[in-house]
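Trainee: Please build the complete structure, drawing on both the sequences and the hints.
Chain by chain, the residues:
There are 2 protein chains.
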Amino acid sequence: MEGVDHLAHERDKAQFDVNDMKIVWAGSREAFEVSDRMARLVANDPAFRKDNRVHLTRKELFKNTLRKAAYAWKRIIELKLTEEEAGRLRFFVDEPAYTDLHWGMFVPFLKGQGTEEQLRKWLPLAYKMQIIGCYAQTELGHGSNVQGLETTATFDPKTDEFVIHSPTLTSSKWWPGGLGKASTHAVVFARLITNGRDYGVHGFIVQIRSLDDHSVLPGITIGDIGMKFGNGAYNTMDNGVMHFDHVRIPRDQLLMRFSQVTKEGKYVQSDVPRQLVYGTMVYVRKTIVIDASNALSRAVCIATRYSAVRRQFGSQDGVETQVINYKTQQSRLFPLLASAYAFRFVGEWLQWLYTDVTKRLATNDFSTLPEAHACTAGLKSITTAATADGIEECRKLCGGHGYLCSSGLPELFAVYVPACTYEGDNVVLLLQVARFLVKTVSQLVSWKKPVGTTAYMGRLQHLMESTCKVQKSEDWLNPSIVLEVFEARSARMSVECAKRLSKFTNQEEGFQELSPSLVEAAVAHCQLIIVSKFIEKLQGDIPGQGVKEQLQKLCSIYALYTLHKHLGDFLSTSTITPKQGSLADDQLRSLYSQVRPNAIALVDAFNYTDHYLGSILGRYDGNVYPNLYNEAWKDPMNESSVPDGYHEYIKPMLKQQLRNSRL
Amino acid sequence: MEGVDHLAHERDKAQFDVNDMKIVWAGSREAFEVSDRMARLVANDPAFRKDNRVHLTRKELFKNTLRKAAYAWKRIIELKLTEEEAGRLRFFVDEPAYTDLHWGMFVPFLKGQGTEEQLRKWLPLAYKMQIIGCYAQTELGHGSNVQGLETTATFDPKTDEFVIHSPTLTSSKWWPGGLGKASTHAVVFARLITNGRDYGVHGFIVQIRSLDDHSVLPGITIGDIGMKFGNGAYNTMDNGVMHFDHVRIPRDQLLMRFSQVTKEGKYVQSDVPRQLVYGTMVYVRKTIVIDASNALSRAVCIATRYSAVRRQFGSQDGVETQVINYKTQQSRLFPLLASAYAFRFVGEWLQWLYTDVTKRLATNDFSTLPEAHACTAGLKSITTAATADGIEECRKLCGGHGYLCSSGLPELFAVYVPACTYEGDNVVLLLQVARFLVKTVSQLVSWKKPVGTTAYMGRLQHLMESTCKVQKSEDWLNPSIVLEVFEARSARMSVECAKRLSKFTNQEEGFQELSPSLVEAAVAHCQLIIVSKFIEKLQGDIPGQGVKEQLQKLCSIYALYTLHKHLGDFLSTSTITPKQGSLADDQLRSLYSQVRPNAIALVDAFNYTDHYLGSILGRYDGNVYPNLYNEAWKDPMNESSVPDGYHEYIKPMLKQQLRNSRL
Ligand SMILES: Cc1cc2nc3c(=O)[nH]c(=O)nc-3n(C[C@H](O)[C@H](O)[C@H](O)COP(=O)(O)OP(=O)(O)OC[C@H]3O[C@@H](n4cnc5c(N)ncnc54)[C@H](O)[C@@H]3O)c2cc1C
Ligand SMILES: Cc1cc2nc3c(=O)[nH]c(=O)nc-3n(C[C@H](O)[C@H](O)[C@H](O)COP(=O)(O)OP(=O)(O)OC[C@H]3O[C@@H](n4cnc5c(N)ncnc54)[C@H](O)[C@@H]3O)c2cc1C
Ligand SMILES: [Ca+2]
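Residue numbers (the working numbering), protein chains in the order written: chain A, 1 to 663; chain B, 1 to 663.
No lab work stands behind these hints: they were computed from the structure. Only a predicted model underlies this, so the values are computations on that prediction, with no experimental measurement involved. From the three backbone atoms N, C-alpha and C, an ideal C-beta is built for every residue, glycine too. Any given hint could be a false lead.
[To be verified] Here are a few chain B residues that face chain A, going by a calculated C-beta distance under 10 angstroms:
#1 Leu140
#2 Gly148
#3 Gly314
#4 Cys420
Mentor: Quick look at the structure:
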């Protein structure tokens with residue numbers, strides 16, 4: 001049966017050109033080709049095997065990751081890969097490693113916060129991996145509240161050094177990835193104190209391990225913080241704890257782009273605008289949104305293929321129904337498929353936003369920054385939350401078999417969920433968005449014109465009064481109607497919050513009291529952004545037979561599913577009527593039927609290798625059962641038929657001799 | 001700092017007697033005392049340690065579980081524990097084991113399906129654990145569709161035996177807990193075939209391993225199906241695969257309470273009504289609902305205590321705000337606290353229902369059976385779904401630290417989620433409820449009066465016309481108003497579904513097409529049951545200072561939170577107005593503030609030991625940070641400061657000698 005494509009009949013049904021869709025998904029032909037090449041490179045190299053992960057002990061697992069990271073780096077050098085290629089290769093290796101932090105946080109942060117001189121010194125070392133860096137911000141006692149960090153960096157003019165110190169237990173650095181075992185250097189965040197004055201939290205480059213023998217440097221205590229969620233998952237990463245006992249570093253290891261301390265201990269702000277730090281943040285969060293689409297599409301690919309393989313009930317002609325044909329299955333699965341595409345395109349747009357912000361910053365134009373900041377914060381929050389939930393829903397969509405590690409879904413969930421917490425707790429981020437929205441509304445009366453993703457607020461009057469024009473279910477396929485409905489809902493929720501806030505004498509108290517509603521307004525705003533960017537994408541040129549049509553259906557599914565899920569918002573703001581809501585449901589069901597024959601091809605378009613998917617249920621060829629069966633036998637538990645422990649713990653019980661046994 | 005109660009100030013705030021609440025939670029003083037005694041017994045016995053689980057390999061983990069199970073059984077015998085005590089002891093051991101299936105499925109199933117004679121033979125063996133039994137229903141290819149099972153049991157009159165056989169790969173038994181390594185016997189479900197005719201799926205007692213040396217009997221192949229979600233979690237269980245090659249068992253090992261096969265091969269139904277099988281199903285699902293309240297309360301206990309310990313932001317007087325004081329945190333946490341209590345009381349009521357059904361069955365009264373069946377199916381579905389989601393929400397409520405295994409939450413999630421799948425996939429169950437509701441509605445015109453939890457449908461006319469009387473937010477505290485609103489919403493959704501169904505010429509097609517809406521109607525009905533049973537509970541006598549008041553607040557929180565979450569349902573059926581919805585939100589916020597000072601005491605009332613909680617974040621004494629810190633150092637990764645693998649995989653990279661290294 002190997003070599004047979006059990007899903008061929010599904011692939012034949014597709015009404016669009018899957019190769020063209022692959023390019024749309026990848027972003028461009030070039031991006032597709034790089035990805036495709038790197039995916040195969042990894043998949044075909046036995047050094048990158050990952051099917052044996054679940055049985056390794058923590059130490060074996062970690063050592064295995066060190067091996068893969070070194071080997072990947074070796075291949076990157078040997079093959080002279082470009083930065084883009086190297087990034088894709090690491091992506092397909094698909095295992096959290098210290099290199100993620102080195103390349104994803106340490107290097108970007110240096111670039112963002114270091115002076116030209118500092119970059120000249122440190123960047124070449126980092127680029128060649130002659131040093132390994134991590135990002136040490138969070139402490140045992142402080143995560144979300146960065147300003148509350150307790151680690152101190154006190155300037156000592158006598159020696160021209162900063163003294164890094166952990167004054168309390170809770171000031172221990174806690175969580176930084178790559179810190180526990182691998183890193184030689186860290187960007188350490190600490191309160192800068194000079195001349196007895198506390199200037200708040202700043203970043204410092206601190207060497208933490210010897211470059212000779214990797215021993216931890218004197219005065220520093222470092223360890224791994226222990227097991228995390230799942231079996232493999234993030235346990236390949238050495239998230240660490242670090243404690244400083246008056247550790248001295250040269251003055252010039254303060255990251256000095258924005259502020260310096262003179263030899264005499266004087267704190268001086270540079271003329272580089274502090275706002276530039278937001279550039280890095282936009283960059284990192286943009287990456288997280290794209291990662292959300294990667295993780296969600298992966299789960300959806302597994303669940304979709306398996307739903308076409310799995311048959312249960314309803315045998316009329318003897319063959320049972322594929323579970324993908326059940327409307328409940330479709331109503332759970334297809335919105336996630338649509339979300340994966342939606343997150344992809346909003347990620348693509350964030351890529352543009354990042355370039356735009358960077359250009360503007362270069363010319364000291366900060367006008368779009370608050371909006372860009374709020375928008376990336378909000379999109380990070382809602383895409384990661386939806387992805388985490390979506391992965392688990394995909395697991396449930398696979399019934400019992402989804403619970404096996406060989407389905408790939410449990411570990412995908414375990415490795416993904418911290419995205420809801422790191423780089424900003426999702427709720428804390430939404431509260432920031434809400435603050436921004438309330439401010440935007442309050443400034444509408446003034447001359448300030450809302451920009452970017454809040455531009456719609458400029459048409460507030462209209463949006464407060466407009467009525468939804470849907471009369472029959474097909475009207476819900478009209479993008480301008482959908483867009484206006486999402487704009488009206490969001491605007492009305494923000495205005496409602498602002499109104500209720502204005503009744504409080506103490507605004508901060510009001511904000512606290514109303515925060516659950518404010519978070520909902522923020523969610524509404526971010527969902528609007530996703531819908532509008534999907535629609536925008538479809539207004540452009542999209543080549544390929546049938547491709548645009550499919551994407552239009554997915555866009556409608558994303559919008560109408562969101563509308564259904566948050567129907568209370570739309571009805572309570574009188575944005576739509578109950579009748580219109582019911583017409584949306586009708587249209588949604590019809591869209592599910594239209595997407596159904598294209599479902600397999602729509603997940604094929606992600607172009608994932610079986611290696612990357614790491615799932616027997618999601619195999620490209622759909623040959624699930626024999627492979628599930630064979631995989632089971634590989635478990636060490638099956639090395640012997642009679643289990644270890646039988647003689648001590650089962651036999652005496654069966655033989656009624658437990659009482660005398662020494663347990 | 002050990003011995004200091006860091007949460008004492010929180011406990012002092014409580015406005016009710018926590019000891020009385022403990023008894024309400026446990027169900028009775030006797031139940032409390034048994035539970036309390038057993039919990040301490042387990043917690044104080046080092047043999048039941050579980051903090052070392054995450055570092056064991058699969059085989060070590062499993063052996064460790066065998067040890068605990070044998071030791072628990074030994075203690076049960078030594079201490080001459082009652083059945084109830086033994087059950088509680090196993091519960092507090094808190095580790096999935098083959099004994100769960102033996103006591104929870106094998107024994108009840110024997111009792112339900114065996115004849116007197118069969119019980120006389122098998123029950124004593126099972127009770128003394130001279131045999132170990134499991135429940136082998138699911139196959140690789142069939143789970144939800146039990147009627148589609150492929151295993152055959154063909155009667156051979158020549159030898160007076162059944163021949164059990166697995167005709168295909170997909171007919172392999174797959175998933176049964178305890179099957180892989182521990183069980184000696186199984187109830188095997190197979191198609192009974194005699195005289196060339198297929199009589200459908202029946203249960204058979206099959207010995208699968210030798211009682212001498214535990215070897216698998218000839219013709220049978222058995223293995224473990226491999227790693228499952230999480231680290232410890234369900235990996236302590238030997239879920240198994242089993243294949244039969246023409247295995248012969250005596251004719252009298254067909255479970256014969258409902259039907260027999262004569263020596264000549266004639267299939268005869270007994271005069272025992274088949275409906276009795278539903279008794280066992282009600283029993284098992286009742287247990288699952290109670291388990292939901294256990295699991296959810298455990299997660300809520302951890303998240304609540306930690307939210308009172310954790311401080312972040314908002315330092316005015318120098319001390320930061322406890323995160324439990326944030327309204328967003330409350331709006332996520334307190335509804336789960338309320339749900340834990342709500343599920344507790346509905347579980348208690350299901351206990352009554354089970355007794356009632358059993359009594360009625362004894363007198364051949366089957367009138368309440370369809371209703372009881374639908375209601376347990378639906379409650380199983382919505383309580384397990386809410387609990388799975390709730391555990392993960394509790395994990396997120398703990399920020400980064402919730403992601404550590406030492407928080408207890410990742411493993412609790414991993415071990416809990418299959419409850420959404422086993423004993424009936426949650427969506428499949430809701431579809432059954434929906435069928436029942438549609439039928440109930442269609443029979444309203446006839447003489448048939450709806451009974452039990454559907455009795456409200458008897459007042460359909462009134463419910464279709466009634467308007468919600470809420471005018472100010474306090475009106476939402478009125479139980480009869482709340483109840484009627486939930487009844488109206490549910491009735492209207494069911495009627496709407498029935499109406500739309502009637503437009504289809506083919507009812508089955510219509511049902512398929514509308515199934516997403518039907519599932520929503522089923523959810524509405526089940527939520528109504530939970531609200532109504534909570535209200536009913538509060539109408540009874542509840543002793544203890546302040547206890548009833550607290551429960552009233554929790555009941556209102558459960559109802560109003562559910563209303564908020566499903567606002568679309570209530571508005572689109574015109575059950576309430578947007579204004580009334582907004583008043584409900586106001587009331588909800590006020591209730592959160594009222595519950596806040598009682599939060600810690602409300603979770604203390606669960607009476608969980610630190611052993612059972614298995615969470616540093618949820619420690620009774622709130623002494624989180626030093627314990628988190630110390631726990632980290634126990635990870636084997638910290639045995640050496642320089643990690644295993646440094647010389648091979650880190651040093652050559654740092655020294656730029658990778659090219660020459662052999663990786
Ligand atoms: C896998 C993983 C990897 C990580 N990697 C790194 C790394 O490399 N480097 C690094 O420095 N850190 C890292 N972190 C830490 C991460 O950045 C923090 O966990 C994150 O910032 C959240 O902070 P916290 O854990 O303190 O959550 P908390 O702030 O304690 O959150 C707890 C709860 O309080 C709520 N809350 C907090 N403040 C408010 C408020 N003002 N209003 C309302 N609610 C509030 C939150 O919503 C949450 O429900 C990592 C974490 C994880 C899990
Ligand atoms: C931890 C664990 C322990 C278990 N223990 C045992 C045990 O001891 N003994 C035993 O016999 N079994 C056991 N099982 C198996 C369990 O009972 C089945 O997994 C369960 O019945 C679900 O069936 P399935 O896996 O075939 O799911 P499927 O039916 O394949 O479900 C797949 C998807 O199809 C959907 N679907 C299926 N039918 C329909 C329909 N008619 N309409 C709409 N949608 C549909 C489902 O909603 C789901 O989304 C266990 C399973 C687990 C995970
Ligand atoms: Ca492990």
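Trainee: Next step is simple, just say for each hint if it's right about the structure.
Mentor: Going through the hints against the structure:
no.	hint	in the structure
1	Leu140	holds (6 angstroms)
2	Gly148	holds (6 angstroms)
3	Gly314	holds (8 angstroms)
4	Cys420	holds (6 angstroms)
Every hint, counting from the list given before, is met by this structure.
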